[in-house]
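Trainee: As a plain string of letters, each chain reads:
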Amino acid sequence: MTTAELKKFAAKIRLETVKEIGARGFGHLGGALSVVDALAVLYGGAMNIDPKNPDWADRDKLVMSKGHAGPALYATLALKGYFPLEWLATLNQPGTKLPSHCDRKLTPGIDMTTGSLGQGVSTAIGLALAQKMDGKNARTYLFVGDGECNEGQVWEGALFAPQHKLDNLILFVDYNHKQLDGTTEEIIDMGDITAKFSAFGWHAQSIDGGDMKAIENAIELAKSKKNKPSCIVLNTVKGAGVPCVAAIKLNHHIVLDGELLKTAINECEEALSKAEAGAK
Amino acid sequence: MVIYDGSMDKDVYKNIFGKTMEALANEDKDVVYLDCDLMNSFGTHNFWKKNKVQAINCGISEANMMGIAAGLSAGGKKPYVHTFGPFATRRSYDQSFLSIAYAGNSVRIFGSDPGVTAAFNGGTHMPFEDMALMRAIPHSTVIDITDGSMLEAIMRQIKDRSGLTYVRTTRKNYPAVYSADHKFTIGKGEILRDGKDITIIACGLMVGEAMKAAQMLEEKGVSVQIVDMFTVKPFDTELVVKCAKKTGGVVTAENHNVIGGLGDAVGAALLESGMSVRMKKVGVNDEFGSVGPQDYLQEFYGLAATKLMQTTEKLLK
Numbered sequence: 000m001t002t003a004e005l006k007k008f009a010a011k012i013r014l015e016t017v018k019e020i021g022a023r024g025f026g027h028l029g030g031a032l033s034v035v036d037a038l039a040v041l042y043g044g045a046m047n048i049d050p051k052n053p054d055w056a057d058r059d060k061l062v063m064s065k066g067h068a069g070p071a072l073y074a075t076l077a078l079k080g081y082f083p084l085e086w087l088a089t090l091n092q093p094g095t096k097l098p099s100h101c102d103r104k105l106t107p108g109i110d111m112t113t114g115s116l117g118q119g120v121s122t123a124i125g126l127a128l129a130q131k132m133d134g135k136n137a138r139t140y141l142f143v144g145d146g147e148c149n150e151g152q153v154w155e156g157a158l159f160a161p162q163h164k165l166d167n168l169i170l171f172v173d174y175n176h177k178q179l180d181g182t183t184e185e186i187i188d189m190g191d192i193t194a195k196f197s198a199f200g201w202h203a204q205s206i207d208g209g210d211m212k213a214i215e216n217a218i219e220l221a222k223s224k225k226n227k228p229s230c231i232v233l234n235t236v237k238g239a240g241v242p243c244v245a246a247i248k249l250n251h252h253i254v255l256d257g258e259l260l261k262t263a264i265n266e267c268e269e270a271l272s273k274a275e276a277g278a279k
Numbered sequence: 000m001v002i003y004d005g006s007m008d009k010d011v012y013k014n015i016f017g018k019t020m021e022a023l024a025n026e027d028k029d030v031v032y033l034d035c036d037l038m039n040s041f042g043t044h045n046f047w048k049k050n051k052v053q054a055i056n057c058g059i060s061e062a063n064m065m066g067i068a069a070g071l072s073a074g075g076k077k078p079y080v081h082t083f084g085p086f087a088t089r090r091s092y093d094q095s096f097l098s099i100a101y102a103g104n105s106v107r108i109f110g111s112d113p114g115v116t117a118a119f120n121g122g123t124h125m126p127f128e129d130m131a132l133m134r135a136i137p138h139s140t141v142i143d144i145t146d147g148s149m150l151e152a153i154m155r156q157i158k159d160r161s162g163l164t165y166v167r168t169t170r171k172n173y174p175a176v177y178s179a180d181h182k183f184t185i186g187k188g189e190i191l192r193d194g195k196d197i198t199i200i201a202c203g204l205m206v207g208e209a210m211k212a213a214q215m216l217e218e219k220g221v222s223v224q225i226v227d228m229f230t231v232k233p234f235d236t237e238l239v240v241k242c243a244k245k246t247g248g249v250v251t252a253e254n255h256n257v258i259g260g261l262g263d264a265v266g267a268a269l270l271e272s273g274m275s276v277r278m279k280k281v282g283v284n285d286e287f288g289s290v291g292p293q294d295y296l297q298e299f300y301g302l303a304a305t306k307l308m309q310t311t312e313k314l315l316k
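Protein chains in written order, with numbering that gives the first Met the number 0: chain A, 0 to 279; chain B, 0 to 316.
So that you can see chain B by itself, here it is in the shape it has in the complex (with noise of 0.2 Å):
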């Protein structure tokens, strides 16, 4: 159910991410979660205390974490790894690629602090690209995660699912979006809010930012659909096209570089579908990160719900 009222999680993600891990950890002996000296940052650190079988530190060696859960997976395990979302991606691309992916194993990735929530962090530890990247690896899955009640319900649902699975979330929390007991299916996406004029596809922080440009276009008699599109592989190409018939336009809005993120995929599922929409890809523009508070950089990147507000009602003129 969703149950959206623009107000924020309770909880922080790291503390939902930490508290599932634990129990996913004490209901299946097989699984086995790894992290690169991040636990302490991503709600793992006490479990790691309590479990040193089933939560393994690798220190700062994210190359050698990738391999030794491609190995606990071709070992019978069911591994979840995390570091933050360019270390996960970038920095250790060729052993998810080939010690996980080509090689057949099942290993499920977190990277935290996707795009502009890296914050203080700055540009060196703000993926833009990370969701390109995995999306590039042959049957991979690339899920965003939208809000809380989301990041649980992933964490269980991916347990046993095979090949690379490759999930960005931020360590904080963005506006509630769905209910506790919600079910998500990967590959499906989801209608927010049902509109006619016009279709806002997004994912991860920028469905909230959605939502708000939503209602400020509805005050001025807009009437806005709102797909969130949390699974970015495999693409729900049905549910793109259909809103694309339904309201002739597509704006899609997503905290990544728009070159290989959602916006291209919804692109290409729309050409390839035959569909001549109009359309307009909201999204960092071929830029590098940079630091600040997050809603500066989302003002400075345009990802704030004003930009898309702005480009949504110059896309229906």
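Chain A on its own, in the form it takes in the complex (with noise of 0.2 Å):
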């Protein structure tokens, strides 16, 4: 896809993420929102896949340890064909394939369980491990939060990925600056992250984790970098390309209806539009 057509692509999946979110009528959308613009360029074309063989062997794969942002990939497997775009709707309803956090056994193309925070780092690194072991060319993409850094699994995996060289692992820091009590900042200043991983043993980037290109740009330095894994912090807006939600101060689970709803589709569709010249 060229930047301008990933551009559409992310705001496909934004709008596509405010209605499955505005169905159930709640949801965790702040920290949904902030991730689309990577997902959108790994779905776009980063990531080796077929969406048509969901359980492809030699596929690359991706663990969103921030689970609740699992709405947000949800919609883009859906446009991607993983399954009907109709399933959005249901997320959360009794019987759903499509739970709040992310479940391997349910969604096609869910490559990892998770909803407990740090332990995708820990199953990432052993499903990148395992595509070593087998000698196959392929990656694992890690998502975690800038908040989910508070747990000390995370920097327990840290600690693992460089000592065993894999650099078939790539992962994503949300750096959103809040988590679900107000800013990191007066929470747990996670501080300097790219330095933090950096001072691990990662090779570490630090970006505009909304910049298509820059995203693009980090991921083929990622993958050009060996015997290291790689970390890519992602400098983003919790409820980011939707302003009405990006205002709200404390608003990584919110009530999305009536004319908030509204008003988020509105935003959602108008973006689209733009996008959609910018791609013509």
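Possibly wrong hints are sitting among the right ones.
Claimed, not checked - Derived lysine-lysine pairs resembling DSS-like cross-links, with alpha carbons at most 27 Å apart: (1) B:Lys49 with A:Lys164; (2) B:Lys9 with B:Lys171; (3) A:Lys164 with B:Lys51; (4) A:Lys227 with B:Lys182; (5) A:Lys135 with B:Lys158; (6) A:Lys227 with B:Lys279; (7) A:Lys227 with A:Lys135; (8) B:Lys158 with A:Lys225; (9) A:Lys225 with B:Lys48; (10) B:Lys182 with B:Lys18; (11) A:Lys131 with B:Lys28; (12) B:Lys48 with B:Lys171; (13) A:Lys261 with A:Lys11; (14) A:Lys225 with B:Lys182; (15) A:Lys135 with B:Lys49; (16) A:Lys164 with B:Lys28; (17) A:Lys104 with B:Lys28; (18) B:Lys182 with B:Lys211; (19) B:Lys182 with B:Lys158; (20) A:Lys225 with B:Lys244; (21) B:Lys232 with B:Lys244; (22) B:Lys48 with A:Lys135; (23) A:Lys135 with B:Lys51; (24) A:Lys227 with A:Lys164; (25) A:Lys131 with B:Lys49; (26) B:Lys51 with A:Lys222; (27) B:Lys51 with A:Lys224; (28) A:Lys164 with B:Lys48; (29) A:Lys131 with B:Lys48; (30) A:Lys104 with B:Lys48; (31) A:Lys135 with B:Lys28; (32) A:Lys131 with B:Lys158; (33) A:Lys227 with A:Lys79; (34) A:Lys131 with B:Lys18; (35) B:Lys51 with A:Lys131; (36) B:Lys232 with A:Lys104; (37) A:Lys227 with B:Lys48; (38) B:Lys316 with A:Lys227.
Honestly, the hints are just simulated from the structure, not real lab data.
Assembling the complex is the task here: the two chains are given apart, and the hints tell you how they should meet.
Mentor: Quick look at the structure:
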């Protein structure tokens, strides 16, 4: 995809994510929206995948360790054809295949069950190790939240991956500076996360997490680095791309109905029209 | 075949584990062994030195190890993990619960030094609650190893078993009970000794103690049936009911807290089967671990054959 096409893809993911959470009336919208641009780049071409064959053994894998961003990933997968778009309206409904947090047993295209923060770092390491053991030319991509980086397990994994030279592991930190109870600065200030990963032995980059070209370039650079895992700190905004959601101070989990839902959909549709015009 | 004569297994179990682990890795390229800096304590150090692809030292990070094992399973591997019992269960419980079991991964977790066998490492390293914790994980398998033949057989048998399997075993040795070619069925208890007056259902360390107690009781004219319930989950309710019907009384014996372990599994099975029998649980009575030689600790917590004999006699009165 061209950059303009990626922007269009991201705008579609945002619209579908808002409609999906809106159908249930509440959900983890803020932190879902902040990872959308990176998801668009990954599923728009950076990852080696086959939506028709979600269990393809040689595929790249993705672990959404901040499992509450599942709805954004579901919208991405649905748009890529992993399952029908209509499934999105079943989010968190009884019997759904799309639960609040990712479940590898339920959803086509979900490579790992997540939800208990920090755990996806270790499971992604396990997936990357298995790919290496099998001599596969495949990668594992991993998303962690900035608040999630409070968890000790993140740093246990951060020590392990360089020791085992896991250059097929690419970790994104969604640095949107907000966790459930407030800003990361007022709760546990993660400071210079890039420097922290770098000090742990990772190849670490810090980029604008809303800049398609920057994300693409950072992934390409990460892929070229041998013998060490890569960390890409995405400087993002919680609620990115949907101003009425971004403006809510505590937007980790919000009620999304009535006027707010209408406004959010309008904002997404406007952004999509603009992106479509740009892609022509 | 049951070969019990009171003599100890010749080899210590950490050696059996190390030898078997290396053999399994050689036989199946998908087998992976992970440890948290305790390979030199569990007989696997030489294997790791030889094969750093299939033996992975995670350093001292149990939560991370459980997650990596889960990821390896999702990637098609057959992970075996080991650390001391409390760290293999309590310390990394949420990782085992979610990343392994809930996520549908298959991992074989070995917790060494169960209960009083932690001896000189003391209370911090002495799990009396590990079986209770692991039983509470849906669809889990929980095994308390009786002897060296069983350890090797179970290690081989669980290689392709799905789900979370927790195995507790001493690093040292217990009395030899089974011949090397004995066939075990996970979920089925073993009748080690036939008797008509009372049944003792034991696991792990307490199987040997139960056999000693039965010998002492026989000298007093009491005929004791002994069951080795090495699989604490899934549970062999059928065998428990059969033995209770036959002898009319059951004593359970476990190197574990009486809350949540073998005794509770037996009690629940009996009650839910509508059985009204005399029953007594022998185990650790809601206490923390402490430090000392194993024989001292067995006396201290009431896990010696003499205590088991006295409890059994009292129940018969």
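Trainee: The structure should be examined with respect to each hint, and the outcome stated for every one.
Mentor: To see whether the hints hold, each was checked on the structure:
no.: 1; hint: B:Lys49 with A:Lys164; verdict: holds (19 Å)
no.: 2; hint: B:Lys9 with B:Lys171; verdict: holds (10 Å)
no.: 3; hint: A:Lys164 with B:Lys51; verdict: holds (13 Å)
no.: 4; hint: A:Lys227 with B:Lys182; verdict: violated (46 Å)
no.: 5; hint: A:Lys135 with B:Lys158; verdict: holds (23 Å)
no.: 6; hint: A:Lys227 with B:Lys279; verdict: violated (58 Å)
no.: 7; hint: A:Lys227 with A:Lys135; verdict: holds (17 Å)
no.: 8; hint: B:Lys158 with A:Lys225; verdict: violated (34 Å)
no.: 9; hint: A:Lys225 with B:Lys48; verdict: holds (24 Å)
no.: 10; hint: B:Lys182 with B:Lys18; verdict: holds (20 Å)
no.: 11; hint: A:Lys131 with B:Lys28; verdict: holds (13 Å)
no.: 12; hint: B:Lys48 with B:Lys171; verdict: holds (23 Å)
no.: 13; hint: A:Lys261 with A:Lys11; verdict: holds (16 Å)
no.: 14; hint: A:Lys225 with B:Lys182; verdict: violated (49 Å)
no.: 15; hint: A:Lys135 with B:Lys49; verdict: holds (23 Å)
no.: 16; hint: A:Lys164 with B:Lys28; verdict: holds (21 Å)
no.: 17; hint: A:Lys104 with B:Lys28; verdict: holds (25 Å)
no.: 18; hint: B:Lys182 with B:Lys211; verdict: holds (24 Å)
no.: 19; hint: B:Lys182 with B:Lys158; verdict: holds (16 Å)
no.: 20; hint: A:Lys225 with B:Lys244; verdict: violated (67 Å)
no.: 21; hint: B:Lys232 with B:Lys244; verdict: holds (22 Å)
no.: 22; hint: B:Lys48 with A:Lys135; verdict: holds (24 Å)
no.: 23; hint: A:Lys135 with B:Lys51; verdict: holds (18 Å)
no.: 24; hint: A:Lys227 with A:Lys164; verdict: holds (5 Å)
no.: 25; hint: A:Lys131 with B:Lys49; verdict: holds (18 Å)
no.: 26; hint: B:Lys51 with A:Lys222; verdict: holds (25 Å)
no.: 27; hint: B:Lys51 with A:Lys224; verdict: holds (23 Å)
no.: 28; hint: A:Lys164 with B:Lys48; verdict: holds (18 Å)
no.: 29; hint: A:Lys131 with B:Lys48; verdict: holds (19 Å)
no.: 30; hint: A:Lys104 with B:Lys48; verdict: violated (36 Å)
no.: 31; hint: A:Lys135 with B:Lys28; verdict: holds (15 Å)
no.: 32; hint: A:Lys131 with B:Lys158; verdict: holds (21 Å)
no.: 33; hint: A:Lys227 with A:Lys79; verdict: violated (30 Å)
no.: 34; hint: A:Lys131 with B:Lys18; verdict: holds (26 Å)
no.: 35; hint: B:Lys51 with A:Lys131; verdict: holds (13 Å)
no.: 36; hint: B:Lys232 with A:Lys104; verdict: holds (24 Å)
no.: 37; hint: A:Lys227 with B:Lys48; verdict: holds (22 Å)
no.: 38; hint: B:Lys316 with A:Lys227; verdict: violated (70 Å)
Violated hints for the displayed structure, listed by number in ascending order: 4, 6, 8, 14, 20, 30, 33, 38.
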